[in-house]
Amino acid sequence: MAKLTFKTDNCKGCGLCVDACPKNILQLSPDKINKKGHHPAELTDEAACIGCASCAIMCPDCVIKVER
Amino acid sequence: MVVFDKPHSLNEMSMHYCPGCTHGIIHRLVAEVMDELGIEGRTIGVAPVGCSVMAYNYFNCDMIEAAHGRAPAVATGVKRADPENHVVFTYQGDGDLASIGMAETVHAAARNENITVIFVNNAIYGMTGGQMAPTSLPGQVTQTSPYGRDVNHCGYPIKVCEMLSQLDGPEYLERVTVNSVKAVRNAKKAIKKAFQNQLDGKGFSLVEVVSSCPTNWGLTPQQALKWIDEKMIPYYPLGVYKDRSAGEDK
Amino acid sequence: MADKVLMKGNEAIAEAAIIAGCRHYFGYPITPQTEIAAYMAKKMPKIGGAFLQAESEIAAINMVYGVAAAGRRVMTSSSSPGISLKSEGLSYMAGSDLPALVVNVQRGGPGLGGIQPSQSDYFQATRGSGHGDYHMIVLAPASVQEMAELTVKGFELADTYRMTSMILADGTMGQMMEPVSLEFDVKPAPEKPWATVGTKLQRKHNIVNSLSLVPEELEQLNFERYEKYNYIKENEAMYEEYLMDDAEYAIAAFGIASRVAKNAVNEARKQGIKVGMIRPITLWPFPVAPFKKAADKVKAIISVELSMGQMIEDVRLATECKVPVTLCNRVGGMIVSPEQVLEAIKEVAENGGAK
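Chains Y, C and A, in that order, are what the protein sequence lines are. Taking the working numbering, the leading residue of the first sequence gets 1, the next gets one more, and so forth. Taking the working numbering, the leading residue of the second sequence gets 1001, the next gets one more, and so forth. Taking the working numbering, the leading residue of the third sequence gets 2001, the next gets one more, and so forth.
Don't take each hint at face value.
Part of the chain C face toward chain Y, derived, beta carbon under 10 Å [as the list claims (entries may be wrong)]: (1) 1004; (2) 1005; (3) 1007; (4) 1031; (5) 1141; (6) 1178; (7) 1179; (8) 1184; (9) 1221; (10) 1231.
These are calculated hints, taken from the structure and not from any lab test. Because the structure is a prediction, the values reported are computed rather than measured. Built from N, CA and C at the ideal position, the CB exists for glycine as well.
Using the sequences provided together with the hints, build the complete structure.
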């Protein structure tokens, strides 16, 4: 069981993590806005996450912590 | 088990880079390498002038801000102040390293100065708002080449790795990119080698990272990563351009 | 008195720097100071130091910047056109509050100028020499002995105040040979907790930096730096007075010009003219006090310079224009003669000070 933790307020909403996810289970939140004013990245299906860390590797802002 | 987290050598500050700018990835890779080699406490980084001018804020190691283009000279001083203990890297953009600071770059390479150079090539001056860089591609539209870079008027881009590989001096030159998970992993290997070379006393090691500038390229972060593959890599082929210890010359 | 050795001024600077604990020298060849580099190239490898011929003056000053950031005593030397190139680095050193010693063995300018002695970098040295509000401590030796002494002093002042000290010499001083004593009590460098030498994972990272994007903060940094400058003005001005006690006229001169002027003062005294000399040893801070004092008792001051009249402005400021100040000069690598200075003294004396 993989677990992602987001430092949501560091997210700039660039979406590089969304594109990197092999399971297509990341999105830029359509309704949330963080302190920086961006739509932050979020997981749509926690159970489907395989903890591959592709999202974290492509994140320029160290937003995502990955545990497995 | 934690499989991925922010490296210790990078601090908690939120970086000033634009959304999707790959500077953040490259900073992280440098910090990961410092962590893995256990050298944060004896590393001194030298920041450039340009977009990464404030890199000194983000690394937990000691940092020096250099004048535009002078980072290799400053790094030479820091390294020679205590060659046994100091691990020294510069972090420079294309304008800093390949335009105003070309002399410092070439001569540090020629001396095989035992430093590590992280060269971020995104083919544009980002900080000042998108002017033509020494590495801007032929035909590339920038603020100061609004009709596209005309090579008959302002010359050709400079291929730094190719050029430096002609020198006898440098130990290691490699060009990488960070536009995919696989590419990022490769880039990290190259950066780690560039630091390890310094620890082994092998000398001047430069990693050119072909990077993106979504803001000034006028593309989304995703399009910018594709543009690296489509436009940048054909002009700036990835690979090892020199690895003296391994007997490799491209 | 300790044993003396016969040395060139340039060599005396180099040897004194080594005695002062400088183990890093970076430079680029330029006449008339190349002996300093040559001396360092010979000596440094034998004493565990580093000599490096840089690819440019710009690189040399930035190598100095790097060693200074790492908390070591370090120097570079050059001559006028080279100092112009180093001026970017000097501004950054000031902005980052880094200590170092820079030697300018001046030659005639502007531009490529000539290779003969000059004092025409006075403005450059005392007003900058790069961009922004800052000063360097500027020391003007008038003998080979002082070339050595002020080099040691320069390192000490640089470390005390975290700023650049400049030795402002000239081609004559650099090439001249004189006996010199090299025994000094060198003040060891102070602790430098700000230096970038690695955190050892035991403290927050140090940042050596001159960038400050918040105007309120940058203003405050400038204010603080000028408080330091004001303290230095009060406490570190150095000068020599020669026959000033009963003087009716005064010469202002530094470096090689003061040596010529001294002969003229002696000759004028023989001819019954009560003239003395004030020789600034620090050009920044400029020794205002002796000039202020002189302004209340002499009838005129003659500024003897190898420039078109640069120090004369500081003399006028220091005397608040209470007495006329005239210029006696040669430029372009020419040197004033004692006869020329004597004539200038006589002319002023005949007019009773009036122009």
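Per the CB criterion, is residue 1231/C less than 10 Å away from chain Y? This hint is violated: residue 1231/C lies away from chain Y, its Cβ roughly 19 Å from the closest one there, beyond 10 Å.
Return the status of the interface hint for residue 1007/C: holds when the least beta-carbon distance to chain Y is below 10 Å, violated otherwise. holds (8 Å)
Proposed interface contact between residue 1221/C and chain Y, which counts if any beta carbon pair is under 10 Å: Given a least distance of 4 Å, the restraint on residue 1221/C holds.
For the hint on residue 1178/C, just tell me whether its beta-carbon gets within less than 10 Å of chain Y. Check passed: Cβ of residue 1178/C comes within 8 Å of chain Y, closer than 10 Å.
Holds or violated: the hint that residue 1179/C contacts chain Y, with Cβ atoms closer than 10 Å. holds (9 Å)
Under 10 Å, Cβ to Cβ, is where residue 1004/C needs to be relative to chain Y, so tell me if that hint holds or is violated. Since chain Y brings a Cβ to about 4 Å from residue 1004/C, closer than 10 Å, the hint holds.
Supplied contact hint for residue 1031/C, tested at 10 Å Cβ to chain Y: Since chain Y brings a Cβ to about 9 Å from residue 1031/C, closer than 10 Å, the hint holds.
At a threshold of 10 Å, is the proposed contact between residue 1005/C and chain Y supported by beta-carbon distances? Holds. Min distance 5 Å.
Can residue 1184/C be said to touch chain Y, with a Cβ gap under 10 Å? Holds, because the Cβ-Cβ distance from residue 1184/C to chain Y comes to roughly 5 Å (cut-off 10 Å).
Supplied contact hint for residue 1141/C, tested at 10 Å Cβ to chain Y: With Cβ-Cβ at 23 Å, over 10 Å, it is violated.
Hints 5 and 10 from the list above are not met by this structure, while the remaining hints are.
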